[in-house]
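Novice: Model the placement of chain S on the given structure of chain B, informed by the hints.
Sequence order for the protein chains is B and S. No gaps in the numbering here: position 335 of the first sequence is 335 in the numbering used here, and each next residue is one more. No gaps in the numbering here: position 46 of the second sequence is 388 in the numbering used here, and each next residue is one more.
Because the hints were derived from the structure by calculation, they are not lab data. Nothing here was measured: the structure is a model prediction, and the numbers come from that model. Think of the CB as a built atom: it goes at the ideal place given N, C-alpha and C, for glycine as much as any other residue. Fair warning: there could be bad hints in the mix.
[Claimed, not checked] Heads up, incomplete: computed chain B residues facing chain S, CB under 10 Å, no partners named: (1) P134; (2) L136; (3) L143; (4) G148; (5) G259; (6) A274.
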Amino acid sequence: MSVTHTVPVSQGRRSFLGRILRAREVGLIVMIFALVALTSVTQPGFLFSDGGWRELLRQPTILILIALGEAIVIITRNIDLSVGSILCLSAYAAGSLFSNFPGIPIPLVILSGILLGAFLGLVNGLLVAFLRVPSLVITLGTLYTYRGIAILWIGPHFIRSSWLPDEYRSFGTLQFLGIPVLLIVVAIIVLLIGWFMTSRRVGRDLYALGSNPEAATLFGLGERRLTVTAFVASGALAGLGGLVYLAIFATGDAQVGTGYELQAVAAAVVGGVAIVGGSGTIWGVALGAFFLATISNALPVLGVPSLWQQSIVGVLIVGAILLDRIVFITRIRRAKRKGTAT
Amino acid sequence: MSADTATITTNAVGHAAAQYRRHSRTLWRRMLLRTETAIVLAIILLIIFAITTVPYFAQPYTYLTMILNSAPILLMLLPVTLIIITGDIDLSVGSVVGFSSAIFGLSFHAGIPLPLAAGVAVVGGGLVGLLNGVLVTVVGLPSLAVTIGTLALFRGIAVGLLGTTAITGFPSEVTQFIGAPLFVGAPAPMVTVAIIVVAIGFAVVLHLTPFGRGVFAIGLSSETAAFSGVRVNRTRLILFVLSGLVASATGVYYTLQYSNAIGTNGLGFELQVVTAIVLGGVSIWGGRGSILGALAGGVLIATLNKTLQLAGIGSDTISIVTGATLIFSVVVAGIAGFISRRRRSKASVIAAGVEKHRAIPNPKSVPSNH
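Only chain B is shown next, with the shape it has when bound in the complex (with noise of 0.2 Å):
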């Protein structure tokens, strides 16, 4: 889909093979096994221990959720850099909920901690459609403001893993038929916002707006509507990642999620969201957000200290924008011989 929103040129003619093998997805899948048998060969536990086969498989789901949100919003030509901050404040009140009312039911806790993140997303969302300011500035500001309300409000505390009633603690290790449920969660959402950004109404106009926001709005899309459908989407799913990261890790401090908003950038422009908005599939961001969370477990196994790793992510994101660039230019230059020579 990526590509018949840069380039629509010539997409029917390459064989239905051609076409799977030169998608983003295949290449990462092929990367991400690549990585994993790579690593395991190293530390065989990596992979066939029972803690490795877990971590490997549940520590991406923080990064998939957050990156999906990251990715329904730049691909509408924005960009959301509050999301470790959102991330951190609905880890931290879902904490206290535990505490502070002691057996209230679960699901209520987790549906606050989905709001809070949604609300936070509004308020971005809000700023960005009726101020006519560009979202890397809004989302600058809340990326500190939310910051400082966290940093104000936790203080010096930081979440005990004995205010978390242990049924939720154990959502962190449950398992079914060997696959961490979390994992089997995401993939449910991913599968959810996929088909939603491929097949409903919404998602097409999403897609639409950031693709060319003049066109969008004269044909009377509701721009508005549209941006802060996006920034509510990212900050939920921002919220439900710090209700999994508090799963996982069952503690927490002001400064949890700092640095997320770069992986999750990171993670959607490797999964093959075009930075500029309107093209990019959520398979691939899942995908993409995959991989940089399992190159992150297999550095340390690999023997490359973990204080390298900002700079492979670096690396990725600049790598994965100039192989665009490169796969767009050369679409164009056969492009235009094809014209030239009919």
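Specialist: Same frame as chain B, now just chain S:
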């Protein structure tokens, strides 16, 4: 900038009309209506408020530490202002500070004399700026994406090079000189001179040279700028290199000031830099702004922060203050823009047929392709 020729011309007419109307006002009204004036007034009011209500504010030492703390931001925002006026952005400056700090520290640790080590770090900063610039101009990638990527990359290199170690032990006569007041009892440190000199340099380049006119022209419309003979890509490339050079010089300064080279030096500075610039009335869409405004924005944040710190609100507030100030400033600007648009469209209803171009919305209110 995907607007077709027709919209460009009508926008240009509307813009020219607004410009003409602004310039037909008397000088004092023109001066008063500028964002810079509002910010400077806000700074003065804030300082008066702080002097009268916050204990210990009216002391030379307060101003000294305030300038010392905000010097990196005030230096780095100068080239970034020019970059934002061309419609690009550089989010990697904070990481370049860390990168240059790491190179400086390691070179010094390896026994290279201090001035030479500083030179190596600054050249390194110029090179990473060149990398940004080449990716943006030659390859043609969006600057936002490139510099988010290099933000992670340069920080990763800095942290990777130094690990968890910190390099200290810089000659104390140098570090003491850096933090010393200009003369005994002066409320400003040595670095003030550097800030003023560099700021004047950038102000002259931006406001008084053909190169600077080119910077504004690129921000308004890079196509038009190219057709009027501005070398668009060369200008943008030069600005990214300048940004790398200034940020790495800031990194050297920062390292010496705290006598500490660690990989996390300058973490998050890019956000403060952009906040100061936007607060200072520089349009994030490009084409409008001034060095004075951006500097004033930086000073306002520094003053606000110092006031809160001395008032005992705590040092953790910097993030909330910066964020809230940024959002407050864009909310105010947004409301002001909304009012002026309404007033303009009302005026056009009255003068219908005579001055049609007044009804044309502000060209900058149309989201453009960045």
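Novice: Each hint: holds or not?
Specialist: Each hint tested on the structure:
no. : hint : in the structure
1   : P134 : 5 Å, holds
2   : L136 : 7 Å, holds
3   : L143 : 7 Å, holds
4   : G148 : 3 Å, holds
5   : G259 : 9 Å, holds
6   : A274 : 9 Å, holds
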